[in-house]
Amino acid sequence: MSDIVENGTWQEIGPTDDFVVDLGVCVQNGDDQVAVFRLAEDEWYATQNLCPHQKQMVLSRGLTGDVKGEPKITCPLHKRSFSLRSGEFLGEGEMDCLKVYEVKSEAGKVFLKL
Amino acid sequence: MSQETIIVVGNGMVGCKFCATLVEKDADKRFKLITFCEESHPAYDRVHLSEYFSGKTAEDLMLQPESWYAENGIELHLEDKVVSIDREKKSVTSAKGVELVYDKLILATGSSPFVPPVPGIEKEGVFVYRTIEDLEGMMDYAKKATKAAVIGGGLLGLEAAKASQDLGMETHVIEFMSRLMPRQVDDAGGEILKGIIEERGLSVHLNKATTNIAGDGKVEAMEFKDGSSLGVDMIIVSAGIRPRDELARECGLEVGPRGGVVVNDNLLTSDPDIFAIGEVALYNNFIYGLVAPGYKMADIVATQLLGGEGAFQGADMSTKLKLIGTDVASFGNIEPKEEHKDIVITDPVRGIYKRLITTTDGKLLLGGILIGDADAYGNLLQMTLNEMELPEDPMALILPAGSGEAPSFGPGSLPDTAQICSCEDVSKGSICEAIEGGARTIPELKSCTKAGTGCGGCVPLLTNLLNHQLEEMGEEVNTDLCEHFSHTRQELYRIVRTTGIDNFDSLIEAHGNGGRGCEICKPAVGSILASVYNDKVISQGNRKLQDTNDRFLANIQKNGTYSVVPRVPGGEITADKLITIGEVSKEYDLYVKITGGQRIDMFGAKVNDLPKIWEKLIAAGFESGHAYGKALRTIKSCVGSTWCRFGVQDSTGMAIMLENRYKGIRSPHKLKSAVSGCTRECAEAQSKDFGVIATENGWNLYLGGNGGMKPRHADLFATDLDDDTLVAYIDRFLMYYIKTADKLTRTSVWVDSLEGGIEHLKDVIINDSLGLCEELDKQMQHLVDTYHCEWKDAVEDPEKLKRFKHFGNSESTDPNIKFVRERDQIRPANEDELATV
Ligand SMILES: Cc1cc2nc3c(=O)[nH]c(=O)nc-3n(C[C@H](O)[C@H](O)[C@H](O)COP(=O)(O)OP(=O)(O)OC[C@H]3O[C@@H](n4cnc5c(N)ncnc54)[C@H](O)[C@@H]3O)c2cc1C
Ligand code: SF4
Ligand code: SF4
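Chains as they are written, first to last, in the working numbering: chain B, 213 to 326; chain P, 43 to 879.
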């Protein structure tokens with residue numbers, strides 16, 4: 213039951229209950245990987261899983277949180293933080309942004325727009 | 043020459059002063075003076091209003107006797123109020139119907155107390171504190187009242203509270219903000235004031251927003267936003283002042299957005315024939331709520347009218363007064379800008395609080411506050427007004443005479459050339475320069491010196507140095523954990539202990555600043571919860587708090603794989619166990635290395651394989667080595683008296699016993715230890731957090747050592763201990779460290795930061811100077827009794843096992859991980875190699 217939209221399709225990625233609040237899960241998408249974060253009962257974010265700093269597939273294993281209300285993910289390797297809303301790097305200096313994806317939960321299932 | 047008419051609206055302190063000044067200067071009688079006085083008494087000394095309670099009469103307080111006005115040709119309209127101004131006709135009309143024409147008009151209507159629109163505020167028994175009539179009303183009402191509350195803990199409110207107490211009432215001060223005199227002092231000063239005031243029998247209630255005043259027609263109780271209430275039968279409102287600009291407003295003069303008649307340097311309003319002076323005048327967006335600036339304004343207007351030159355350029359707001367028997371003085375600018383330096387000394391025991399604000403370079407005094415001891419007021423005021431250069435150490439100006447310098451420990455004693463951050467090669471000197479240049483936080487220091495931006499290992503030392511320098515400069519140090527908690531780790535630990543809160547969500551809700559937490563507070567709280575309760579670190583509520591290492595019970599490596607370190611207590615291992623390590627490493631193709639802590643590390647494990655690896659290790663009798671946690675790592679040992687010809691005690695046996703006792707305990711940072719069998723010290727115990735060296739008679743205990751980046755020799759703590767005493771001392775040392783160290787602080791840094799250093803520790807641990815030993819012993823025993831192997835816990839729980847997967851939606855491992863072989867083992871492929879493998 214995927215619903216075709218402008219630049220992607222909604223893909224089911226698993227039951228809602230498999231996503232623990234405040235934690236991330238890595239989703240395989242062909243050769244690519246997406247990190248999906250559930251920050252509250254119904255608050256979802258998704259970014260690329262690749263940390264742009266060390267180029268490793270680790271972001272889904274980082275800590276979530278916020279800086280002045282802006283939800284963020286902190287990379288487990290060197291504690292670089294990125295906005296979960298925009299993917300923007302939240303620290304000092306130069307760093308690539310994260311790609312962000314749309315994600316939602318409906319009828320007990322989670323969908324990611326890929 | 044015909045006389046010009048000047049009408050002064052308001053005969054209060056400033057209006058009266060204006061009349062007196064003009065009369066004095068106007069020798070030729072060029073002006074005819076008329077003044078309207080709304081009150082039934084001609085101008086009186088409002089500043090000393092409270093003395094009306096202690097027996098002074100209205101006559102005593104009067105600034106000029108009533109006869110003075112007639113004698114000087116001043117037409118005084120007593121008990122008559124101006125109700126309108128006609129600027130076109132240049133006339134005023136009074137409540138009694140008098141209409142008079144002016145050439146120049148002076149507005150000196152002062153201000154009125156601000157009464158917040160709380161439901162019930164109109165009830166009988168609510169008073170303000172501004173006029174003699176207000177006081178008469180209070181005195182009358184107090185005869186049948188026993189309990190009063192003052193709304194507002196500012197200067198005036200406290201004065202009113204004293205008056206209310208003098209009237210024989212049980213008196214409560216209700217303050218909406220979190221401290222008394224919120225405009226003048228900071229939290230520490232407010233705390234000291236509170237102490238002083240409570241000592242004088244007044245009750246102080248902070249953070250109280252009044253939502254309702256209950257009672258049948260008259261005041262019976264106050265109700266607050268937090269749901270509490272206070273039974274009182276009288277209320278005095280002192281919640282600030284509002285300029286009485288109503289006349290000016292109605293006749294179209296310019297007024298400020300928050301009230302006050304706008305005046306220029308000449309104290310002229312937007313009408314060139316109307317001046318405003320005193321508390322009604324808004325100069326430079328500021329209302330001067332003191333009498334001295336008002337007097338200055340009166341003088342300037344009088345001078346100008348007589349043809350002289352005069353311009354108001356603001357006024358000094360310095361005051362010194364006795365508040366409830368305590369000296370309180372403030373001078374100059376007491377609202378520092380960010381770049382200014384703030385020097386504070388507090389002495390809660392003697393009730394003294396002093397604060398100086400200086401320019402960034404520390405050379406000029408801008409202002410300050412003195413509570414409890416205002417002897418230095420005169421000097422300091424002079425230094426401020428005359429812009430005199432401050433001495434090297436401005437603190438000396440406010441220290442009580444004869445107090446010596448505090449002994450310095452830790453980062454203060456390092457030479458300027460000392461390298462603090464080795465990654466970026468930053469010396470103590472350049473860090474201090476940056477702090478002097480205005481850096482106040484670790485992120486600021488990081489961005490201007492680069493220190494701590496590499497591995498981050500130097501951040502605790504950097505923090506210590508920053509705090510030390512700021513303290514030296516007399517500034518308050520921000521020790522907040524992060525934006526989510528305005529507490530230090532130590533304070534949070536205490537909060538968790540005393541409240542029994544056992545999860546992050548409740549803690550941030552009750553003691554945090556809102557938000558979701560972050561990578562700083564979550565692991566810190568996770569560690570505190572583990573240190574207090576020893577619940578499983580990856581149980582339901584706790585798992586989300588842990589950094590990746592604690593969450594996956596293994597150490598993440600640069601390519602996202604993990605290393606696995608089983609515990610090898612004391613470094614003693616059997617052949618069978620070695621074989622198991624060999625077999626497991628072979629099966630999962632792991633890189634194997636002997637660590638510095640006498641154990642074996644297996645690298646390159648993928649998340650999906652971790653549980654299977656542990657299962658095999660557990661089956662062979664291994665446990666988790668907690669290499670991933672801020673916890674006890676290893677206790678190294680030499681073979682001691684069992685094998686070595688020099689050994690005097692069984693160092694291996696002792697190391698194994700200690701390692702098994704403390705394994706798994708979470709602490710502010712990792713802990714390392716070693717036990718040597720004789721003074722030859724082969725196990726290097728003196729470079730450990732706690733080190734034990736055997737003697738003929740028992741054990742010597744060394745504390746606070748460190749290898750690594752900033753080596754520190756451990757301090758000898760106690761000698762020739764028997765086994766039980768040794769264990770008791772280490773128990774207390776560790777628990778005291780867990781209780782009082784800041785986050786991510788090794789024991790070496792912690793010991794140095796303790797006032798008194800190792801001597802203080804001896805006092806606490808051996809002499810029980812703080813009466814803590816019993817508590818520390820009990821807490822440690824709880825941790826020892828609740829030990830569990832975290833790997834075993836994970837592999838036995840299917841819910842937890844589900845999390846050890848790279849992908850949520852597939853069982854595959856991360857295809858991005860690539861290895862190459864080097865010296866017969868794997869290692870992560872580097873960027874150049876990635877394309878080829
Ligand atoms: C309890 C208390 C303690 C204080 N302690 C200090 C202190 O320690 N140090 C210090 O510097 N300051 C102190 N102050 C403040 C000081 O009293 C004022 O700054 C000063 O009185 C201001 O003078 P003013 O003439 O501008 O206003 P006021 O003295 O208030 O006089 C204004 C007068 O104008 C009258 N009026 C208003 N409108 C009209 C109208 N339309 N027609 C006719 N008359 C009108 C009012 O009734 C009032 O009598 C204290 C104030 C209070 C209440
Ligand atoms: S000294 Fe400062 S820190 Fe280090 S290795 Fe380090 S960052 Fe790096
Ligand atoms: S410390 Fe002493 S007992 Fe231990 S190995 Fe060295 S010499 Fe032997």
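If you're looking for bench data, these hints aren't it; they were derived computationally from the structure. It is possible that part of the hints are untrue.
Unchecked claim - Computed list of chain P residues with no C-beta within reach of chain B, every gap over 12 angstroms:
| hint | residue |
| --- | --- |
| 1 | Leu-209 |
| 2 | His-382 |
| 3 | Thr-530 |
| 4 | Gly-568 |
| 5 | Tyr-575 |
| 6 | Asp-589 |
| 7 | Ser-627 |
| 8 | Gly-663 |
| 9 | Glu-726 |
| 10 | Glu-816 |
As the list claims (entries may be wrong) - Derived lysine-lysine pairs resembling DSS-like cross-links, with alpha carbons at most 27 angstroms apart:
| hint | chain 1 | residue 1 | chain 2 | residue 2 |
| --- | --- | --- | --- | --- |
| 11 | B | Lys-267 | P | Lys-123 |
| 12 | P | Lys-712 | B | Lys-291 |
| 13 | B | Lys-291 | P | Lys-752 |
| 14 | P | Lys-860 | B | Lys-291 |
| 15 | P | Lys-844 | B | Lys-291 |
| 16 | P | Lys-165 | P | Lys-586 |
| 17 | P | Lys-600 | P | Lys-752 |
| 18 | B | Lys-267 | P | Lys-189 |
| 19 | P | Lys-189 | P | Lys-236 |
| 20 | P | Lys-189 | P | Lys-165 |
| 21 | P | Lys-586 | B | Lys-280 |
| 22 | B | Lys-321 | P | Lys-74 |
| 23 | B | Lys-311 | P | Lys-847 |
| 24 | B | Lys-267 | P | Lys-74 |
| 25 | P | Lys-586 | B | Lys-316 |
| 26 | P | Lys-834 | B | Lys-321 |
| 27 | P | Lys-844 | B | Lys-325 |
| 28 | P | Lys-860 | B | Lys-311 |
| 29 | B | Lys-321 | P | Lys-586 |
| 30 | B | Lys-316 | P | Lys-847 |
| 31 | P | Lys-383 | P | Lys-236 |
| 32 | B | Lys-311 | P | Lys-600 |
None of these values were measured; they are calculated from a predicted model. Cβ atoms here follow ideal geometry from the backbone N, Cα and C, with glycine treated the same way.
Here's how the hints hold up against the structure:
1. Leu-209: holds (49 angstroms)
2. His-382: holds (25 angstroms)
3. Thr-530: With a cut-off of 12 angstroms, P:Thr-530 remains clear of chain B, as the shortest Cβ separation is near 19 angstroms.
4. Gly-568: At roughly 10 angstroms from the nearest Cβ of chain B, P:Gly-568 sits no farther out than 12 angstroms, so the non-interface label is violated.
5. Tyr-575: Per Cβ check, P:Tyr-575 is outside 12 angstroms of chain B; nearest 20 angstroms; holds.
6. Asp-589: violated (6 angstroms)
7. Ser-627: Correct as stated: the minimum Cβ-Cβ distance to chain B is 23 angstroms, above 12 angstroms.
8. Gly-663: holds (30 angstroms)
9. Glu-726: holds (30 angstroms)
10. Glu-816: The claim stands: P:Glu-816 keeps its Cβ more than 12 angstroms from every Cβ of chain B (closest is about 37 angstroms).
11. B:Lys-267 to P:Lys-123: violated (79 angstroms)
12. P:Lys-712 to B:Lys-291: Cα-Cα ~19 angstroms, so holds.
13. B:Lys-291 to P:Lys-752: holds (23 angstroms)
14. P:Lys-860 to B:Lys-291: holds (23 angstroms)
15. P:Lys-844 to B:Lys-291: Holds, at roughly 25 angstroms.
16. P:Lys-165 to P:Lys-586: Violated - the C-alpha atoms of P:Lys-586 and P:Lys-165 are around 54 angstroms apart, more than 27 angstroms.
17. P:Lys-600 to P:Lys-752: holds (24 angstroms)
18. B:Lys-267 to P:Lys-189: violated (70 angstroms)
19. P:Lys-189 to P:Lys-236: holds (19 angstroms)
20. P:Lys-189 to P:Lys-165: holds (16 angstroms)
21. P:Lys-586 to B:Lys-280: Judged against 27 angstroms, a Cα distance of about 20 angstroms means the pair holds.
22. B:Lys-321 to P:Lys-74: Roughly 89 angstroms separates the two Cα atoms, so the pair is violated.
23. B:Lys-311 to P:Lys-847: holds (23 angstroms)
24. B:Lys-267 to P:Lys-74: violated (87 angstroms)
25. P:Lys-586 to B:Lys-316: holds (21 angstroms)
26. P:Lys-834 to B:Lys-321: Outside the cut-off at roughly 32 angstroms; violated.
27. P:Lys-844 to B:Lys-325: holds (25 angstroms)
28. P:Lys-860 to B:Lys-311: Roughly 24 angstroms between the alpha carbons, so the hint for P:Lys-860 and B:Lys-311 holds.
29. B:Lys-321 to P:Lys-586: It holds: about 21 angstroms lies between the C-alpha atoms, which stays within 27 angstroms.
30. B:Lys-316 to P:Lys-847: holds (22 angstroms)
31. P:Lys-383 to P:Lys-236: holds (25 angstroms)
32. B:Lys-311 to P:Lys-600: Holds - the C-alpha atoms of P:Lys-600 and B:Lys-311 are around 22 angstroms apart, at most 27 angstroms.
Of the hints listed earlier, those the structure fails to meet are numbers 4, 6, 11, 16, 18, 22, 24 and 26, in rising order.
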